[in-house]
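Visitor: Here is what each chain is made of, one letter per residue.
Protein chains: 2
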Amino acid sequence: MASIRPLNGFRDFYPPAFAERAHIFATWRRVAARYGFVEYDGPPLEPLELYTKKSGAEIVDQLYNFVDKGGRDVSLRPEMTPTVARMVAAQANALRKPVRWFSIPQLFRYERAQRGRLREHFQLNADIFGDGGESADAELLAMVIDILREFGLTSDDVRVRLSDRRLLNAVLHAMGHPAERIPAIYAVLDKLDRQPRELSVEKLATAGCTTAQVDALLALIEQTNATGVAALAPLLQDAEGATRLAAMQETLAMTQALIGTAVAPWVRLDLTIVRGLAYYTGIVFEVFDAKGELRAVCGGGRYDELLNALGGVDMPAAGFGWGDVVLGELLRDRGLLPSAPPSPEVWVAAGDDVDVATVRATVGALRRAGRRVEYALRPQQLGKQLKAAVSAGAAHALILRGDAPEGGTVRDLTSGAETSVVLATWLANQR
Amino acid sequence: MASIRPLNGFRDFYPPAFAERAHIFATWRRVAARYGFVEYDGPPLEPLELYTKKSGAEIVDQLYNFVDKGGRDVSLRPEMTPTVARMVAAQANALRKPVRWFSIPQLFRYERAQRGRLREHFQLNADIFGDGGESADAELLAMVIDILREFGLTSDDVRVRLSDRRLLNAVLHAMGHPAERIPAIYAVLDKLDRQPRELSVEKLATAGCTTAQVDALLALIEQTNATGVAALAPLLQDAEGATRLAAMQETLAMTQALIGTAVAPWVRLDLTIVRGLAYYTGIVFEVFDAKGELRAVCGGGRYDELLNALGGVDMPAAGFGWGDVVLGELLRDRGLLPSAPPSPEVWVAAGDDVDVATVRATVGALRRAGRRVEYALRPQQLGKQLKAAVSAGAAHALILRGDAPEGGTVRDLTSGAETSVVLATWLANQR
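The listed protein sequences derive, respectively, from chains B and U. Count the first sequence with the numbering used here and you get residues 44 to 474, in order. Count the second sequence with the numbering used here and you get residues 44 to 474, in order.
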C-alpha cells in the first residue's frame, strides 16, 4: 500500500506547499474584495454538453470526461466560464448590474502526460457582467495590476500586453485587408512570437497579403510595441478607426486613474495578443514576466456574445483567468512566497512542579484569546519542552513555575530574552 | 443551452450561499490554527485502489469512480483519510510529532439519487498523528467544542456523544460476554437509536446473550447516559477495567481544563456510539444537535492501526470529519449564518461638475487603503448614484463636489447622517 502514488499530474499539497497556495488565494481574494467582487463556486463535475456546446466536440480530447453510473456524459470542469455563464444567465434579472463575481476553482485537463505538465490547477476567474464599456475594462486591468502589486511584483517584473479586436480590425481595414482575410491574419499574429518570422511571412502571403502589406503590418506591430497607441493615429483616420483609437486611449487613461501611477510601465499595447480564435469581442490581454521566461501568467478580455450563446441571455461580459502554477513559479523565483506554514505564537512550558491541569487551562485561555498555541502532550523536562518549542518554530515560550503560580516567564525564542510577567495581566493583553 | 442544468446532487454556490460556506470554512480554519494545526490538501482524484485497499471492493458501489483515458481505475475522493495516510506515511520520518494537520476537501459519493441527498460535500478533516494518549484525544475533543462555540452554538444546542471501544470491551467483558460475541453487540449498539427496541433485543438474543445480560446491558447504557462515567465504576473492578475507566476520566478532565468550563454539559458518555464496524481502536464520538432532529454533525475517534494498514508506517492517529451540510442546516436554523455576501464599504459618488478621473483616483486611493469600493461605471446623476449605493448595500457614500475639490461629504447610508470631511485627511485615516 505504501506504493500507491498520487495520479500523474496531480499535486499533493503538504503544509509548506499549502501555505504558498493559501498566500496566493488570500492575495487574490483581498484585492478582489476591494474591487467589490463577490465569490461564487460551481460544481467541479458538470454535464459534458456544457463544454461541447461552447467549444465543439474536438474539446473532448482534452477533457477529464467519463460516463457516470447513471449513463450520463460528464466531465471534470476544464474552465469556469461555461459554469458562470449558466449561473448568471439563470438569475440574469435578479442580479444587481454590473455583476462583479470571482471564483477560484480547481480545473482539470486530460493532457498528454509530460514531465512538469499538470492535469489540475487552480485559477482565479474574475468577471464583470452587464457593462460593455471601457470603464468595466479599466476596472479589470486595474485589478490585474493591483493583484500584481499586492504580490510584491513591480513593472520591472511583469508586463500586461493589451490589444483590442475591434481596434485590430480597424487597423487591418485601414491597411487594406478585406474582412475575409482577418481570421488568417489573427492566426499568424497569435503565433508571431512562437514561430520563425519567415513562416509568419509565408502564411500572410498565402492568406493573400502583398509583400508591402506584410512589411507594413510587421513594422506597425514593432512601432506600437515601442511607442504605444499613438503610433496608430496616422493610420486610423476614418470614423470607426478614430472611435477605436479613442476608446483604447480612454481605457488606458481610466486604468491610470484607478492605479494612481503611470500606466505605461505596466501596460503595453501589443497587437500580437489575440488569445487564439476564441470568443473575444473587445479588449484582449495577457500578463507575462518581463524576462519572457515563462508562459502567460494571466489572460482575459471582453466576450460580449458568449452569455447569449451559452445561456440565452444578452449581457456583455469581460473577465480574466489567472492560474496558480506559472504565478507560483514567478513568485518563488522572486522570493515572494512564504517559506513555511504558520508556526505557534506561544508554546506553554512548565516545570515538573506545575500541575498539568494548570498548563492546559493556560493553553485554553490563550487559544480563546485567539493565539496559536502548542505544548508538550506528554510530561517532559522543561529543557526538552523548550527544545520542542524551538524546533516547532514557536515565537515565544510562556514558562509556568509551581513556586510562583501567579507569575510566568515569557521567553523570546529568537533572541532568548526573558521577561517576567503577571500571568493574569499578560493573558488579558493577548486578546 | 439555457436548459443545461447542474448534475443532480451538486450545488451551485451563488454569492449568498458562498458567503455561508466561507463563514463555515473561516471558522474552522480560525480554531484549527489556534490548536496549532496546519492545512494540507491532496488530489480530488485518486487511484481507485487507495479506497478499495482500505474498505474492500464493496465500497466501489458508493464511489464516483471511472476508467480514465489512460485505462487507469480512478475515483473522485469519497473521504480524506486514505489520502492523508498516504501523505503522512511518505514523510513519516521528516515530520515533527505529533503531526497536527487539517484539510477542507470536497468529497464525492455516488449515492442513489434522492431528494435533498447530495453527491458532494465539504468536510473539515483534523487529525493528530504520532501520539496515542488521552492528551491527544482531549485536544481533539476540546477543538470540537471550541469550534461549536466559535459558531455561536451552546451546550443547549449540541452534544458530543463520546465512547471508547477499549472501555466498551472492558464493560462487555465484565458483563460476561465472550470476545467473539462483541462484533454482534457492536452492530446492535450502532443501530440502537434507529431501530425498534424489540429488534435490538432479538438480535442480542440471537448473538447468544441471556435475557439477564440483555436487560443489564440496556440498563447500563441508560444509566451511563444519565449519570456519566461513574456509573461504570462498580462494574469495572479488574485491572484492565480500572485502567479504561481512569483513562476516560482523564480524557474528560483534560478536555475540561482546555475548554475552561465544565465538560459535562458538552460531552455525554454514550456507549451506543460505535461508528459502524470501521477501523476505530479507542475513543469514538459524534456530535448531534440537542433536539435530535438532524443527522450527526461531526464524527471521529482514534484509529491507531490504520496508518500501518494504509501506509506501512506504525503511527497512532486520531481525528474527526465534519461536513458542511448538516452543520449548515443547524446554523441556518439558529440564525448563525451570514445572510448576504459582503457589500461595499464605500460608494464613491460625484456631482456632474466633477471630473471622472477624480472619481477613479479617489476610488483607487480608497482601495489601496484596503477598503471595498464601488462607483457608477457610467455617468449618472448624483441621486441615481446614491440610489445605486443603497441598493448595493454600501455602508457609506463619499460624495465629491466640483466646487470644493479638497473636501467631500461622507453619508452614512443607514442613518442618512452626513459629515463634511477634508478629503486628504479622510483618505489617510482609511488605512
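Because the hints were derived from the structure by calculation, they are not lab data. On a predicted model such as this, the values are computed, not experimentally measured, just so you know. Cβ atoms here follow ideal geometry from the backbone N, Cα and C, with glycine treated the same way. One thing to keep in mind: the hints can contain errors.
Residues from chain U that keep clear of chain B, each with C-beta distances beyond 12 angstroms, as calculated [unchecked claim]: (1) Gly85; (2) Arg143; (3) Asn212; (4) Ala255; (5) Leu261; (6) Thr267; (7) Thr298; (8) Glu388; (9) Thr401; (10) Ser434; (11) Arg444; (12) Gly459; (13) Asn472.
Derived BS3-like pairs (lysine-lysine); straight-line CA-CA distance at most 25 angstroms [said to hold, decoys possible]: (14) U/Lys140 <-> B/Lys427; (15) U/Lys140 <-> B/Lys112; (16) U/Lys140 <-> B/Lys96; (17) B/Lys234 <-> B/Lys427.
Visitor: Sort out which numbered hints this structure fails and list those numbers smallest first.
Guide: 1, 2, 7, 8, 9, 10, 15, 16 and 17
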